[in-house]
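Visitor: Below, each chain spelled out in residue letters.
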Amino acid sequence: MTTPAPTPAPAAETRTSAPVALVGVVKQFPGLTALDGVSLELAPGEFVALLGPSGCGKTTALRVLAGLESADDGHILIDGRDVVDVPTNRRDIGMVFQSYSLFPHLTVLENVEFGLRMRKVEASERRRRATQMLNMVGLDHHADRFAHQLSGGQQQRVALARALVTEPRVLLLDEPLSALDAKVRVGLRDEIRRIQTELGITTLFVTHDQEEALAVADRVAVMRAGRIEQIGTPEELYSRPASAFVADFVGLSNRVPAVVQGEVATVLGTTLPLVSADAPAGSGVALVRPEDVLIVPGDDPRATSAAVVSTSFLGSLRRTRVRLDDGLELVVQHAAGEHVEAGERVAVRLAGRPVVIDAA
Amino acid sequence: MSAPVASIAPRRATRILILAIVGAIFAIPIVAMVEFTMRRGLDGGYDLSRWVTVFTGQLGPAYAPVWQGVQNSLVLALVTVAIMLALLVPTMILVALRFPQLQRVLEFVCLLPISIPAIVLVVGLAPVYQVISRMLGSGTWTLAFAYGILVLPFAYRAVQSNIEAIDIVTLTEAARSLGAGWLTVIVRVLMPNLRRGLLAGAFISVAVVLGEFTIASLLSRTTLQTALVVASKADAFIAVIFALLALLFAFILLIVIGRIGRGRLGRTS
Ligand SMILES: Nc1ncnc2c1ncn2[C@@H]1O[C@H](COP(=O)(O)OP(=O)(O)OP(=O)(O)O)[C@@H](O)[C@H]1O
Ligand SMILES: [Mg+2]
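First to last, the sequence lines map onto chains A and B.
Residues 1 to 360 (the UniProt record's numbering) make up the first sequence, in order.
Residues 1 to 269 (the UniProt record's numbering) make up the second sequence, in order.
Calculated from the structure, these hints are not laboratory results.
Positions of the beta carbon are idealized from the N, C-alpha and C atoms, including for glycine.
Careful, some of the hints might be misleading.
Unchecked claim - Among chain A residues calculated to face chain B with C-beta under 10 Å, some are:
#, residue
1, Ala-66
2, Ser-70
3, Gly-74
4, Arg-90
5, Phe-114
6, Arg-117
7, Arg-119
8, Ala-159
To be verified - Pairs of lysine to any residue, SDA-like flavour, derived with a Cα cap of 20 Å:
#, chain 1, residue 1, chain 2, residue 2
9, A, Lys-120, A, Glu-110
10, A, Lys-183, A, Val-216
11, B, Lys-233, B, Phe-36
12, A, Lys-183, A, Glu-211
13, A, Lys-183, A, Ser-99
14, A, Lys-120, B, Thr-184
15, A, Lys-120, A, Glu-167
16, A, Lys-120, B, Leu-183
17, A, Lys-120, B, Phe-251
18, A, Lys-183, A, Glu-229
19, A, Lys-120, B, Arg-188
20, A, Lys-183, A, Ile-231
Hey, can you work out the whole structure from these sequences and the hints?
Guide: Structure follows, in structure tokens:
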């Protein structure tokens, strides 16, 4: 075959959509393995959330990818190139930190221009691009302010603009919303997703908030103790968790005694299929989602009777805690219209959806 | 709202009294010095003739050592500040960024000189200065090595409080992620944000150097302070004038330090 040498694609068009991969990355701190063989692939333009409990190694993974920590083993590929030996300032990344990180001695505009200045972009072009990016995060009218004259949410938006203005090949966000209050957090989270989609930039977003991860990410990687436990779309993680840890961590679960036989489990008198068939036979604990517990009329033959302990209104739905006659408490999620009151007697049964068994 | 505050705070009269006493403690010696320099012999009366003599440069050759001392002290102040900026500041930045576990050690070492009497320091320094004299000559500027140690506690505190006030690690990492090399990080990000601490550290070092007597005297170097002592034996009046001028200079330095501290606080908070 006579294949001509491939001509490099025009850089400006493709550089914001680079594939990124961690391959078997190991990172050790004295007496502790923070990353124990982490492998993660991000497709060009993909938004992946790295989710896990505190101390599981999320920040470390992000910092290794950024070059702020060195990896003890493994490879880091950005746009197909191994960057393990490339220092942070030449990895062409954009980063937003958990703590406020704007340069206090520079104005908002100068902060955003910083990365362009490093790349020797000429002054008028620099100003044009920085202003445009500030416009995108809705802060162009604050261009002349200093960081201390902005709210926390505004500071993080400027930090986002500063990270994006250089059109880096990958955007890294380390819990950028955790210092903000709930309302601002949701707003900014959606805004980050909108801008990311608009620019098509490959993004890794670290969070310990499962709701946040499920809401914005194309795919979510769940981490536990230095390893990635499962990677999948939010729907996959929720409905087919690979382990009890994932099921527990992603969404709320009831822990209900179960008896496993072959490929089914008997839970509260209802026979349910298993999410994964490898659960050992015998007794175990089934993880049942609150929306898979139904409140039914008392004459349903499969129902178990229970007393309502408490109920809380969550807008379109209601979350009710019931106590079965044997003392087991379950959380039931149901339509807000199905009104129940504390102390009331009700009948509950399980919907027929597959369950995860916690063998441990 | 203000009632409980007012009841705790000292009353106006008490405040004025305290201020007056403290003010008097500071002012009386200074006023006495000024008065002393203006006396006109035993018959009483005052004039400014000695001040005129000093400011018009009509002092005799007997005062050459004082001028020499002023020059030496200024050179010493410069070299000491240079040593502090070139050695202490990079070390502190390096420890803050890369070796945070050494923070306590560095602090201990830097604060140590404050607990060592100057006499003890000299005993240790004397043999060191024999070596230094052989290698670099016995120029007065070599005293700056000793003064570099002497100003450590003051310069360290001034710079460290500034380092603690800004998140130096995150700022550095942010700059690195944006494409800045180490030199750029230091020049464009750290220096501007540490300006307040560096200036305060430099000024306080100058003040310490100009006021130092023991080490200079024991190592037989001519500085402002040692020359003043010598001059005071010949003419106490002129010596007091120089002491007053030195005091005034230190005063101005301290006011400038205070200004720097206050001016930037509003910006970082
Ligand atoms: N520089 C360091 N030296 C020693 N141990 C460290 C260092 N940085 C992190 N660790 C440890 O590595 C583990 C992983 O830390 P990491 O910051 O990655 O967790 P995380 O998942 O980001 O947690 P969080 O949600 O609390 O931010 C923790 O046990 C932490 O104590
Ligand atoms: Mg973290």
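Visitor: Would you mind marking each hint as holding or not holding in the structure?
Guide: Verification of the hints:
A least Cβ separation of about 6 Å between Ala-66 of chain A and chain B falls short of the 10 Å threshold, and the interface hint therefore holds. A cut of 10 Å between beta carbons decides the hint on Ser-70 of chain A: the least distance to chain B is about 13 Å, and the hint is violated. Proximity of Gly-74 of chain A to chain B is violated relative to the hint, the smallest CB-CB distance being about 21 Å (cut-off 10 Å). Taking 10 Å as the C-beta cut-off, the interface hint given for Arg-90 of chain A holds, the closest approach to chain B being about 7 Å.
A cut of 10 Å between beta carbons decides the hint on Phe-114 of chain A: the least distance to chain B is about 5 Å, and the hint holds. Nearest Cβ of chain B to the Cβ of Arg-117 of chain A: about 8 Å, under the 10 Å cut. The hint holds. This hint holds: Arg-119 of chain A has a C-beta 6 Å from the nearest C-beta of chain B, less than the 10 Å allowed. Proximity of Ala-159 of chain A to chain B holds as hinted, the smallest CB-CB distance being about 8 Å (cut-off 10 Å).
Our distance criterion of 20 Å between C-alpha atoms is met by Lys-120 of chain A and Glu-110 of chain A, whose separation comes to about 14 Å. In summary, the hint linking Lys-183 of chain A to Val-216 of chain A is supported, as the alpha carbons are separated by about 15 Å, within the 20 Å threshold. Between the alpha carbons of Lys-233 of chain B and Phe-36 of chain B the distance comes to roughly 15 Å, so the proposed pair stays at or under 20 Å and holds. A C-alpha spacing of about 14 Å is found between Lys-183 of chain A and Glu-211 of chain A, which places the hinted pair at or below 20 Å, so the restraint holds.
For the proposed pair Lys-183 of chain A and Ser-99 of chain A, the alpha carbon gap of about 18 Å is at most 20 Å, so the pair holds. A distance of roughly 13 Å separates the Cα atoms of Lys-120 of chain A and Thr-184 of chain B; the hinted pair therefore holds under the 20 Å criterion. For the hint pairing Lys-120 of chain A with Glu-167 of chain A, the CA-to-CA distance comes to about 14 Å; that is within 20 Å, so the pair holds. For the proposed pair Lys-120 of chain A and Leu-183 of chain B, the alpha carbon gap of about 16 Å is at most 20 Å, so the pair holds.
Proposed proximity of Lys-120 of chain A and Phe-251 of chain B is contradicted: the alpha carbons are some 45 Å apart, above 20 Å. A distance of roughly 30 Å separates the Cα atoms of Lys-183 of chain A and Glu-229 of chain A; the hinted pair therefore is violated under the 20 Å criterion. Among the hinted pairs, Lys-120 of chain A with Arg-188 of chain B is consistent with the structure: their alpha-carbon atoms are about 14 Å apart, no more than 20 Å. Distance hint between Lys-183 of chain A and Ile-231 of chain A is unfulfilled; the C-alpha atoms sit about 28 Å from each other, more than 20 Å.
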